[in-house]
Amino acid sequence: MRKNRFPIVFFSFLMLAVMFGIISMSTGSYEMSWKQVVWTLFGQGSHLENLTIFNIRLPRIFIALVVGVALSTAGTILQGVSRNDLADPGILGINAGASLAVVLFIGMNNSEYYEDLGALSVFALPFVAILGAFAAAFVIYLLAWKNGIKPVRMILMGVAVNSGLVAVITFYQMSFKQQDFNRVLVWTSGSLWGSSWKYFNAVAPIVLIFLALTIRKLKHLDILMLGEEIATGLGLNVGKEHTKLLFYAVALAGSATAVAGSIGFLGLISPHIARKLVGPVHSKLIPASAVISVCIILFADNLSRNLFAPVEIPVGITIALIGVPYFIYLMLRGESTL
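Under the working numbering, read the sequence shown as residues 1 to 338, first letter to last.
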């Protein structure tokens, strides 16, 4: 039944994502009708309409697309490898590690904020974030290791490391001027504000590469879900595959954090919803999770921009308002192995 449901689920959420994208292009401080949006996309817009769509709103939508796909895929991998529905790069502290690296990098560049970075720094930013994410993951791995890695221990150590890294980021921000402190605080809370094509061009190729590498490992992920003993019996080098897949997940999460700050719970919610709708087979789970994630982040971004306009809420906070109740729901239902 779920096998036949996949095309319906995927294309339904795809159409929903397109609808949210059109809403994103039409709403804001400068309101546009859907007709104006369509005409502008086909090259028939005014100078102001072209500037609004192609220079401001469309880059933001594409950044949201990349971030949604990267975090959902990273969450799906982590949940598959650990066989725990609560595994998420935001909860485990991987995003916080990437955020700390980015904040330190910006400070070293004497830039007031990430949109002031030069061209070379922009393209270096994703790699800096990935290094920070790997450093956090390595610390979590060392702390969680005790005659092997157990999902419960890994989750708890991840939560502790995440709290510690957030505290370090906040402490470092105390040396900033008030205006810079507020702006960086918004970004580290998870924000698509200030998105531009240069950041999309810097991050999209990296996400595509690791997404392609993950797709090559879909069958291995399915086998790992059966348990280590069965996977070993089927001829899979469990340790080697765990390392590769965790590498891909950390790189994807770090890349997303480089341009959107620390957005938690997105990698938790979307894989779980997708698993309910299309089942655990990763060839269907990952694309379904990705399109659901894009819908969530676009919906949350629309809400963040327009609910209290002209004040903009960080999209990470809006997603957390959705994610925290869902996290509690998972715990109460006992659907996690924690």
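One should not assume that every hint holds.
Said to hold, decoys possible - Quick list of simulated restraints, FRET-style, between CB atoms:
id: 1; residue 1: Phe11; residue 2: Leu321; range: 25 to 31 Å
id: 2; residue 1: Ser29; residue 2: Leu143; range: 25 to 31 Å
id: 3; residue 1: Met108; residue 2: Ala160; range: 23 to 29 Å
Keep in mind the hints are simulated off the structure, nothing from the lab. Keep in mind it's a predicted model, so treat the numbers as computed, not measured. All C-beta atoms, glycine included, are put in the ideal place defined by N, C-alpha and C.
Status of the hints after comparison with the structure:
1. Phe11 with Leu321: 25 to 31 Å: 28 Å, holds
2. Ser29 with Leu143: 25 to 31 Å: 46 Å, violated
3. Met108 with Ala160: 23 to 29 Å: 27 Å, holds
Checked against the numbered hints given earlier, this structure breaks only hint 2.
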